[in-house]
Amino acid sequence: MKRAHLWGILWLSLAGALAGAMGCGGGSSSSTTTGGGGGNGGGGGGATANVQSIVVNTGPAAGPPTNAPYIDGAFTSVTVCVPGSTTNCQTIGGILVDTGSSGLRVLSSALTIALPQQTVGGAPIVECLPFVDGFTWGPVQMADMTIAGEKASSMPIQVIGSASFSTIPASCSSNGPEEDDLASLGVNGILGVGSFAQDCGEGCVVSGAANAGFYYACPATGCVVTTEALASQVVNPVVLFATDNNGVILEFPAVTGAEASDTGSMIFGIGTQSNNGLGSATVYGIDPNTGNFTTTYKNVTYTDQSFLDSGSNAIYFLDKATTGFPTCTDLTFWYCPTTTQNLSATNQGTNGANGTVAFVVGNADSLTANANDGVANGLAGPNTGMFDWGLPFFFGRTVYTAIDGQNTPAGAGPYWAY
Amino acid sequence: MKSKMVRGILAMLVVPLPVCAGLGGEASSVQADQAKMQGTLRSTSADAYTVHEIQTAAGVAVKEYASSAGKVFAVTWQGPVHPDLRQLLGDYFDQYVQALQEQRAQRHGHGPVLIQQAGLVVQITGHVRSFMGRAYVAQMVPAGVKAEELR
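Residue numbers (this note's numbering), protein chains in the order written: chain C, 1 to 418; chain B, 419 to 569.
Each hint should be verified, as a subset may be incorrect.
Said to hold, decoys possible - Where chain B lies over chain C, by a calculated footprint (3+ residues, C-beta under 8 Å):
#: 1; region: 65-73
#: 2; region: 127-137
#: 3; region: 150-160
Hints listed in this document are in silico derivations from the structure and should not be mistaken for laboratory results.
Cβ atoms here follow ideal geometry from the backbone N, Cα and C, with glycine treated the same way.
Make the full structure from the sequences, and use the hints.
Spelled out as structure tokens, the structure:
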């Protein structure tokens, strides 16, 4: 323990020495009600208690001053309150709905109420969440969250880019680009409703070098990686609901080409109400450690290396040499075939279930030509080693994500069904 | 024990961390990477290169590919978290971060990483608890070695 502290202190000085290059985020500005794409008003959502409206559009960063329109992001709003309060509350829109992570994260610049800080031994807990394309850094604070009549009480969330914790440890910034403000994150927050109950899990409970390193204790002397019990980790809000707590359903109308927006629904619970039964959906078991299943495209099989992820903005698979599709001239991370390609792949669950998926790959230059279009079916790009079924997979489908360890009429999660 | 650690840390403070370690560095720097990542090391040689495999305590499998000229020309990783990319990408880390920031500014959205520059290729994919990545310097890849075999 002492050793860890020594490391932390020395690391901090090292981090300080290297800090020049990494501009610390930390918007101090605040707004009353967040707007942008997902500004769906109150937390109520719709007529049915467990249904929340979600919209795919250019998102909260589309306008000035950031002028960064999002493409293929699903946005909603959540209401957060100081725990136990019904008046000290704020509804925040422009929150990205992400089945590829777990837990609520909100930009400090979008948060106008002060939430209580989670601490250990008097020291604040601050989290470094590694995403595929960077990381978010900020304190773990407690909130009551309500959405579509569902409530998660005393829930740990991450407040991203807080000015109170502007020094990022080198061990965190080594994850890549910092995504701690609206310009870099592109959204006001992320609502992680993925297949895991916590964002990190057992990897953050173990001590020593084996710890995954998400959570830091940050006394005045500097931040040191700390262990974090499961119950204290940033949590998938769904598991804290009184009912409808075993998973989430995303449902979108079909989309052809590019459009300004597409409005769908997020339904809480699987088989708990008259509106969230599995019906004729096929259940695909997923690996409880990785959160992946298996996809075969032509003769390439991604064993335990494929996933459904509403937080990825396109379908990412293979490369231009294997698919034969050129990448775009400027947007080299997307495919640009001259004509729209109709393709199919086979998904296989850990339970042996398998089924064919039809999908399209369009010309990304054309699909994104109009900066006012926030939706594009056919947006796809190369990927190395994994098959990423991003948001376009969800268009025209009803997709169930069952949470690890939660019981459903089709057995315990984790699984996907569609 | 403690003084040894302090000495080590002081050495790192004097010598900037990324120099000669990781991608583009000397094959001998693999040991430094292993120490930083607190992992175990296993090395195997093929015709055109030597693969140094580091298994980190946090469950990440890292591979560093060193040419017969003794330079690390490619690195790959797979695991529940990213390895220390500043250490692993060495002098190329800042270039990677800047390239990705510029790319994301073109059109916003989250997804896997594909940086394809003349002097640096970085490919990262996955999601929280399941990541995979590959980075290489095309000019340093030995003749006849295909990127696909670097996994």
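Evaluated hints:
no.: 1; hint: 65-73; in the structure: holds (count 6)
no.: 2; hint: 127-137; in the structure: holds (count 6)
no.: 3; hint: 150-160; in the structure: violated (count 0)
The structure is inconsistent with hint 3 alone, although it conforms to all the rest.
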